[in-house]
Amino acid sequence: MQIYFPIAEISLNIFLVLAMGGGVGFLSGLFGVGGGFLMTPLLIFIGVPPAVAVATEANQIVAASVSGVIAHWRRNNVDIKMGMILVIGGFIGSTAGSFLFKLLREVGQIDLVISLSFVLFLGVVGSLMVVESVRLIMRSRKGGYRKKAHQHYWAHGLPFKMRFHKSKLYISVIPPLLVGFFVGVLAAIMGVGGGFIMIPAMIYLLGMPTSVVVGTSLFQIIFVTANVTFFHSINTQTVDVVLAVLLLAGAVIGAQFGARVSGMLRGEQLRALLGVIVLAVCAKLLTDLVFEPSDLFSIGRVIEE
Amino acid sequence: MSRVAALVLAFGLAATTPQAIAQSLVADMSESSISITSNFTGKDILLFGAVDGPSDVVVVVQGPREELVVRRKAKISGIWMNRRSVTFQGVPAYYAVASNRPLADIAPGTVRAQYRMGGAFLDFAVAADTRHLAGEELLQFREAILRNKRRESLYFEAENSVRFRERLFRTSIVFPASAPEGDYTVRTYLLRDGRVIDEQSTPLQIRKAGIERTIFDLANQRPALYGIIAVLIALVSGWVAAAMFRRT
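Taken in sequence, the protein lines are chains G and E.
Quick note on the numbering used here: the first sequence kicks off at 393 and runs consecutively.
Quick note on the numbering used here: the second sequence kicks off at 296 and runs consecutively.
It is worth saying that the hints were derived from the structure and are not from the lab.
One should not assume that every hint holds.
[Unchecked claim] Pairs of lysine to any residue, SDA-like flavour, derived with a Cα cap of 20 Å:
id, chain 1, residue 1, chain 2, residue 2
1, G, LYS494, G, SER509
2, G, LYS676, E, ILE523
3, E, LYS370, G, ARG652
4, G, LYS494, E, GLU362
5, G, LYS560, G, ILE591
6, E, LYS368, G, VAL694
7, E, LYS368, G, GLY500
8, G, LYS494, E, ILE523
9, E, LYS368, G, MET393
10, E, LYS338, G, VAL694
Please model the complete structure; the sequences and the hints are all you need to start from.
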C-alpha cells in the first residue's frame with residue numbers, strides 16, 4: 393500500500409516505512425542506542441530528500457528519547473543539573489546548526505555535507521566499536537581484567553566550577569557546554585541524537601559515572617531534537633510529521649523485541665556486530681561520494697524566501 | 296457578453312490559423328483536476344476527441360513554471376561535489392507530448408518549434424546572475440534539465456500514443472506521483488500536411504487535498520505552529536509508547 397508524504401513529496405510503501413522503523417528500532421533496542429545514525433542514511437537511500445530525512449528523523453528521535461528516558465527517570469538515573477547544562481549548549485549548537493543547514497541548502501551543498509558528516513562519524517565510531525570489542529573478546533578469552541581507577545582529567549582545571557551531586561563531580565561548566573554545543577550542531581545537520589558522541593564524551597571527558605550517562609544523554613537529546621524540529625520547521629519546512637509518526641510506530645515495536653533479544657547475546661559480540669553495520673552504512677555513503685555519478689548534472693527547485 | 300467573448304475567440308483563432316473555418320477538432324479529458332491525497336501514486340488521464348477528417352493529432356501538456364538550479368558535479372580531492380550551477384526560469388515542472396506518429400513526420404521543425412512539440416523546443420530563460428557561461432557549456436546545462444526531468448518521468452514524448460478509430464482519437468497522459476501541484480495546460484493540435492489547422496486548450500489542476508493539504512499548508516504558512524505541533528506529537532507518542540509497553 394503506497395502512501396504519499398506531504399512534505400517529502402514522494403509516495404512510499406507504508407510497509408517499507410514501518411519495516412524500516414521496526415528494523416532500526418530493533419537494533420536500537422538490541423544495542424541500547426538511538427537509531428538516528430542509521431535511520432537518516434536509510435531514508436536517504438530510499439529516496440527521501442536528504443534535508444527532509446534529517447529534519448524528520450530529528451522529530452522521530454524526540455519521541456524515541458521520551459520513551460527511553462522514562463525508565464531511567466524511574467530508576468533515578470538522570471542528572472538533571474548536568475542535563476540542563478548540556479541542554480543549554482545543545483540549544484545554542486542546534487540553533488546555529490539549523491541556520492548553517494539552511495545556508496548550505498541554499499548554496500546546494502547540504503547533501504554533500506550530510507553525507508560527508510555521516511561518512512566521517514560512522515567511519516570513526518564503527519571502527520572504534522569493532523576494534524574495542526575485538527580487544528575485549530580477546531582479553532576475556534585470556535581471562536584478564538581491566539583496571540579502573542579514579543582519574544583526573546584536564547577538564548577539571550577550568551574555571552566556572554559547579555557541583556553535580558548525582559554525577560559526584562565538581563567540574564567547570566565549560567566542557568559540558570561544549571559537548572552539548574557540538575552534539576547540538578550534529579543533531580541539526582545529521583538528524584541524530586548524538587548519543588554515540590555524547591556518551592563517550594560524558595564518560596571519558598567529563599568523568600561521569602556510567603550509571604547516569606544514558607539517562608542524562610536521553611534527557612538532553614529530547615530538548616535538543618525538539619529544538620532542531622522547531623527550527624527546521626521554521627527555516628526549511630522539511631519536517632514530515634506523517635513520515636515521523638510512521639517511523640516511530642515501527643520503531644517502538646521493534647525496540648521492544650530488540651531489548652528482549654539483547655538479553656540473550658553477549659555484549660562484546662553485540663558491539664562488534666553494531667560496528668560492522670555502522671561501517672557498512674558508511675561504506676555505502678562513501679562509494680556514492682567517490683565513484684563518478686551516472687549523471688554529473690542534477691536539478692533542484694530554487695528555494696525562495 | 297458570452298457571445299462577444301466567443302466572437303473575439305473565434306476571431307483570434309481565425310487570425311492565427313486562417314484555415315480554421317469551422318471547428319475541426321473536439322477534445323475533452325476524463326478529469327479536469329487531480330487531487331493529491333494520501334494514497335496518491337500518480338494518475339493517468341484519458342484525453343479523447345473527434346476530428347473532421349484524416350489528420351494528425353498532437354497533445355502538448357505543460358505544468359506550472361518553476362525556477363530551477365542545474366548543478367554540475369566535479370571531482371575535488373576524490374569527492375564528487377556540486378561546483379558550477381546555472382539557474383533557469385520559466386521551466387515547466389511537467390511536460391508531455393503525445394502524438395499519433397513520430398513528430399518529425401507530422402510537421403517540419405519550424406512548426407514544431409512554434410508549438411513546442413518536443414522537449415528540444417522548450418526555451419528556458421537563464422537567470423541574470425548566471426549569464427556568464429559560454430554557449431556550448433550552457434547547452435550542457437540546458438540538456439541536463441531535459442535528461443533529469445525525463446528520468447523522473449516528469450518529461451516525456453510519447454509518439455504513437457494517440458490512437459485513432461475512424462475519426463475518434465484517444466490517448467492517456469501519465470502524471471507521476473512527483474508531479475507538483477499547480478495549473479497545467481493541455482493543448483490539443485490538429486494538423487494536416489504539416490500545418491496546424493485547429494487547436495483546443497484545456498486547463499488542468501493538480502492540488503494537494505484532504506489531510507495532505509492541511510499538513511502542507513500548515514508547514515508552509517504557519518511554520519512555527521507546525522514545529523510546535525510536530526514536537527508535541529512526538530512527546531505524546533513517545534510517552535504513550537513507553538506506557539503501552541510498561542507492563543509487558
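Evaluated hints:
Restraint check: the Cα-Cα separation between LYS494 (chain G) and SER509 (chain G) comes to about 16 Å, which is no more than 20 Å; the hinted pair holds. The hinted pair formed by LYS676 (chain G) and ILE523 (chain E) fails the criterion: a straight-line CA distance of about 35 Å is larger than 20 Å. For the hint pairing LYS370 (chain E) with ARG652 (chain G), the CA-to-CA distance comes to about 47 Å; that exceeds 20 Å, so the pair is violated. Between LYS494 (chain G) and GLU362 (chain E) the alpha-carbon distance is near 18 Å, which keeps this suggested pair within the 20 Å criterion.
Taken as a hint, the LYS560 (chain G) and ILE591 (chain G) pair is honoured in the structure, with Cα atoms around 17 Å apart against an allowance of 20 Å. Taken as a hint, the LYS368 (chain E) and VAL694 (chain G) pair is honoured in the structure, with Cα atoms around 18 Å apart against an allowance of 20 Å. At most 20 Å may separate the alpha-carbon atoms for a hinted pair to count; LYS368 (chain E) and GLY500 (chain G) meet this at roughly 11 Å. For the hint pairing LYS494 (chain G) with ILE523 (chain E), the CA-to-CA distance comes to about 19 Å; that is within 20 Å, so the pair holds.
Among the hinted pairs, LYS368 (chain E) with MET393 (chain G) is inconsistent with the structure: their alpha-carbon atoms are about 36 Å apart, more than 20 Å. A threshold of 20 Å between alpha carbons decides the hint, and for LYS338 (chain E) with VAL694 (chain G) the separation of about 26 Å lies outside it, so the pair is violated.
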